[in-house]
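If you read the protein sequences in the order shown, they are chains A, B and C.
Heads up, the first sequence is in this note's numbering, so the first residue is 1 and it goes up one at a time.
Heads up, the second sequence is in this note's numbering, so the first residue is 1001 and it goes up one at a time.
Heads up, the third sequence is in this note's numbering, so the first residue is 2001 and it goes up one at a time.
Hints listed in this document are in silico derivations from the structure and should not be mistaken for laboratory results.
Every residue, glycine too, gets a C-beta built ideally from N, C-alpha and C.
Any given hint could turn out to be false.
Chain A regions said to be covered by chain C (calculated; three or more residues, Cβ under 8 Å) [what the hints assert, rightly or not]:
(1) 61-74
(2) 85-91
(3) 96-103
From chain B, some residues computed to sit far from chain C (all C-beta separations above 12 Å) [to be verified]:
(4) 1007
(5) 1011
(6) 1014
(7) 1018
(8) 1019
(9) 1035
(10) 1041
(11) 1045
(12) 1047
(13) 1054
(14) 1060
These are the residues of each chain, in order.
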Amino acid sequence: MKVLTHKQELCTGCRECELACSRTYFKTDDRNYSAIRIIENNKTYRANKCTQCGECIDMCTANAIYRDRNGVVRIDKKKCVGCLGCVGFCTELVMFYADDLDVPFKCIACDVCSRACPEGALEVLVSRVKEN
Amino acid sequence: MIKVNTEDFPWHPGMTVRALLDEKLFTFRHIIVRVNGEFVPEEDYEKQLIQDGDDVLVLHLMAGG
Amino acid sequence: MGTILKDYSYTPAKVKRGYSGKSLYINVSDLSIEQKEITDFMKEKFTGGKGFDLWYLWHAVTPETRWDSPENEIVMSVGPIGGITQYAGTGKTLVCSISPLTDMPIDSNVGGYFGPLLKFSGWDAFELQGKSEKEILIFIDGNNGRIQIEEAEDLPEDAHLLAEELTKKYAENEDDMVNISVVCTGSVAKHAYMGMLNFSFYDPRRKVCRFKQAARGGLGTILHDKKVKALVVKYRGVKPNLNDAADISTINKVGVKYHKEMHDLDHKQNKMRQIGTANTIMIMSQYDLLPTRNFQMGGDPETVKISPQVFIEEWLTQGLHDGCWYGCTMSCAKCADHFLLTTGPYAGQRVTVDGPEYECAAGLGANLGVFDPQAILEENFYCDTYGIDLISFATCTAFIMECYQRGQITREQMGGLDLRFGNSQAVLELMHLMSRGEGFGKIAGLGIRKLKKVFVEEFGADPQLLQDIGMEVKGLEYSEYAHKESLAQQGGFAMAIKGPQHDEAWLIFMDMVNKQLPTFEDKANALYYFPMFRTWFGLVGLCKLPWNDIVPADNYKTDSPAKVPEHVQNYVDLFNAVTGRNIDKEELIIQSERVYQFQRVFNVRMGKGERKDDYAPYRSLGPVTREEYLSRQELYDKQLRDFQQLDPETMDLDEKIAATRRYREDQYEQLMDAVYRRRGWTENGIPTPERLKEIGMDLPELLEVIEPKL
Ligand code: SF4
Ligand code: SF4
Ligand code: SF4
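Let's have the full structure, built from the sequences with the hints guiding it.
Dropping the structure here:
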C-alpha cells in the first residue's frame, strides 16, 4: 500500500508541500485546501496527513470511501454526499473540508508534495503489507 | 443516615461512593454524583468516602426513550 | 408491469432556505393531481413537518370523518431542516392521518429516504386522498418532474419483496438503487387496524432494501384501504446543500463537532453505534422499568438472555454504517444479516432483519415473556414485512396473553392458539394468521380497545379487569416502558396528545430515581417542556435520538443536563442556518406549542381531547392484582404508612390494594389539574382562547371548535 511519510529531522517548516498540494488540486495558495498540514511545535515540524488506515471506509454514510488498487483510501465523488462524518471520525484529524466544496479531501499519496519538498523530507512509500 | 436523591438511606462506616451505588442497585453508567454539592469524578468512586449525614445526589442522565 | 393510468409532468420547485414552497396533492378516487403553495402563513404558524400535515388534514376532514372515509388523507412532510446531510438524524418524515385505532389524528416520525428525496423532488408535503378502485402505485420522478400512477394488481404484498422489486424496477443500475425510496405496508394491513407504513432505503453494502417504520396508529391500514400498494420516489444527486441553506458554514461546523463527539464518546456512553436503542434492555430490567408479561412486572431475571451483549456478540453485524439517512453517524439502525427464518411463508430463507430496536426487544420479548433472541428477531422480521406496528402488536398480544392467563378467554376462543406467556411459536403463528386473515388472526389485530368489547360481549370476560389491564389510552396501545412508580411518566403517557407513546416525554429517571420533580408543579413543568421540545423534531425533520442518546463530555456541568443544552443550541443554530431566520431556544418551544395546541384542538374537534380521554388504565398507575402487590409489598406497605398514615399490619391484602388504588388515582387527578394549568387548558383539558392568543394561534377555525366546550 502507498503512504506518504515525513522525516521530522529534515523538515524546516517551509510549507512548500502545502502549497504544492493546494495548487495542484484546488488551484489556490490557501493552505486550508492542502491535504498535508505542517504543524509547528517548538521549532520541530510534524506533518499531518492521512495514514491510509482505512478507518473511514466502513463508517462512511454513503459508502463512498474505498481503497484503490494501490491501497490508497479514496473518496468516490459521485457517491459522497458531503455529510462530513468522516471528518469527525478520522482519528488523525486529516480528513479536511471547506465550505465551498461538496466533498471532503484527503492525502492520496500522489507524490506532488514530496517532489516539491526542497529538503527531501517527504516520501511516498510502497509497502507490500496486504491491506485489510 | 444519609440523604440519597432527597430520601433517607442508611449509612455505615467506610461507605464509598461505589459501595453506595452498589447498595442502591444503581447500575446505570451514565450518572453524575455530587456529595454535598461537590462533583465526584468517576475515577474517585472507589476512594471517596461518604460521611454520616452527607447529602448525596446521583443524577441518572437519561431523558430518553 | 401494470398499465399507466395517469402520467403527469411538473417543473420541480427548487428548494430555498429549506422549503420548496410547494406541496403535492393526489386524489386516488379520480386520479387528479394538484400543486399547492406553501404559504408564509403556514411556515409562520406550523413551521413544517407535522405542522403542515395537520393543517392539511384539518381542511380535508370533518368531525364525522373516520379512518376509512374517502376524504381521510395520509399526509407526509419532512420539514425545513430535513435532508441536510451534515448532522445526525436529519431525514425524518412526519406522517399524519385519522387513525383507525383512535378516530383522531395520529402522527408518526419515520426515517428512510422518502421524505428528503420528496423534498428534493420539489415537494415539501404530500397529501394522499380518496380511494382507488384498483390497486395502484404512485411513482414520483424528481429529476424529470414526472408522476405516474399505474396499476399494481400483481405486485407482492409483503414489504421486503415489494420494496426490492420496485427498487430494481425504477433503478437504472446498481448505483442508482440508493436514489429510490418506497413506502408500503404489508399483508397484515388488510386484516388489522395496526398496519404500519414501511419507508425504505437501499443499503449498498448489504445490497438489500432496509426499512424504517411510520408505525403507530394504523397508517398502513389506511394506505391499504385506499388501495395504494406503494409510493415510490426517485431522486438522483443528493448533495450537501440541496436545502439552499442561508449559512452552510455554520451547518458544517456544527456537524463536524457533533460527528467528532460521536466518534469520541459513543463507545463510552450508550453504544448506539454497536447496538442501537436496545442498549437499555438490561438497565430497564434492573430499574424495574422493563414491561414484563403485560406490564405486570418491571423486569425479569431472564432478561440477561436478551441483553445487549448477546445481540452484539451473536446476532448484529458490527462496524458498518447503519443510518436511516445520510450523515447519521449515530448509526443506530442495526441489523442481523443472513438470519435463517424458521416459520411462516419464508421459512428456510436467509434474510436481513432490521433491528431489534428497544421497543422490539422489550415488547416482543419481555412483555410477551419471550426471552429468546432468535425468536425476537424472527418476530421482528415478520412484523416488518407484514406491515405490523410491533408496539401495538406486542402490547395487544400481551393483553390477550394475560386475559388467557387469568381465564378471561379460553384456548378454544382463540382458535386453539396456546397464547401462554413465553410461547413464541404461538406468537409467530398469530402473526401468520393475521397475515392470512384467518381464525383468531382476524380479530387479534383490532387493537385492545375493540378487543375488550369483543372479550366482554362475546366471551363473557370481566369488564373491570379488562379495563384495568388493557394498556391503551385513546385507543392506542402503550409503548414499552413500565412506569408504575413514576407519576410524571404516567402523565407523560396518558396525557400524550396522540396516545400513550414515549416520544413526548420520558421522565422516569428524573422523576422516580433522581427525585428532581418532587411537586405537582415540577412534574407539570416537565410535562410542558419536554413534550413541546420533542414536538419540534417532528416539525423540522429531525430524529430525537441524536439529541440525548449521546451528550457532550461536559454536559454534567450545565444547569439542566436532562435538556442537553449544547445540543439544543445546535438545533437552534441549524434551524437558523438553514432558514435564515433568527429563533432562539424559547421561540423553538413556541413553534412547537403552536402545533401542539392545534393538535389538541383537532382532537377536540374529532370528539376526543378532553379530560375523559386522558385517563390511564390502572395497570399504568399501580398494582392491579395480588401478585403485583406482593411482588413489591415492602414498598407499597411503606407508601401506605408514609403517604396515607395507614397501618398495613391491620389491613388485609385486598384492603391494601384498594387503599393504594384510591391514593394513586387521586394523585393522578391532581397531576392532571397541574398539567392542564401549565399547558393553558381548562379543567376539562380544552386549550383556552387566552393561551391560543398568547402564542398567535387564536385562529377563527380553532376558536369555533373550543367555544362550545368552555
Ligand atoms: S482519512 Fe483518516 S481515517 Fe481515513 S484512511 Fe486517512 S487517516 Fe485513516
Ligand atoms: S463526507 Fe462523503 S466520504 Fe465522508 S463520510 Fe460523508 S459521504 Fe462519506
Ligand atoms: S439515530 Fe438511528 S433512527 Fe435516528 S436518524 Fe440515526 S439511524 Fe435513524
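Each hint, compared with the structure:
no.: 1; hint: 61-74; in the structure: holds (count 3)
no.: 2; hint: 85-91; in the structure: holds (count 5)
no.: 3; hint: 96-103; in the structure: holds (count 3)
no.: 4; hint: 1007; in the structure: 7 Å, violated
no.: 5; hint: 1011; in the structure: 18 Å, holds
no.: 6; hint: 1014; in the structure: 25 Å, holds
no.: 7; hint: 1018; in the structure: 16 Å, holds
no.: 8; hint: 1019; in the structure: 17 Å, holds
no.: 9; hint: 1035; in the structure: 14 Å, holds
no.: 10; hint: 1041; in the structure: 10 Å, violated
no.: 11; hint: 1045; in the structure: 14 Å, holds
no.: 12; hint: 1047; in the structure: 19 Å, holds
no.: 13; hint: 1054; in the structure: 16 Å, holds
no.: 14; hint: 1060; in the structure: 4 Å, violated
In terms of the numbered hints stated before, the structure departs from hints 4, 10 and 14, listed from lowest to highest.
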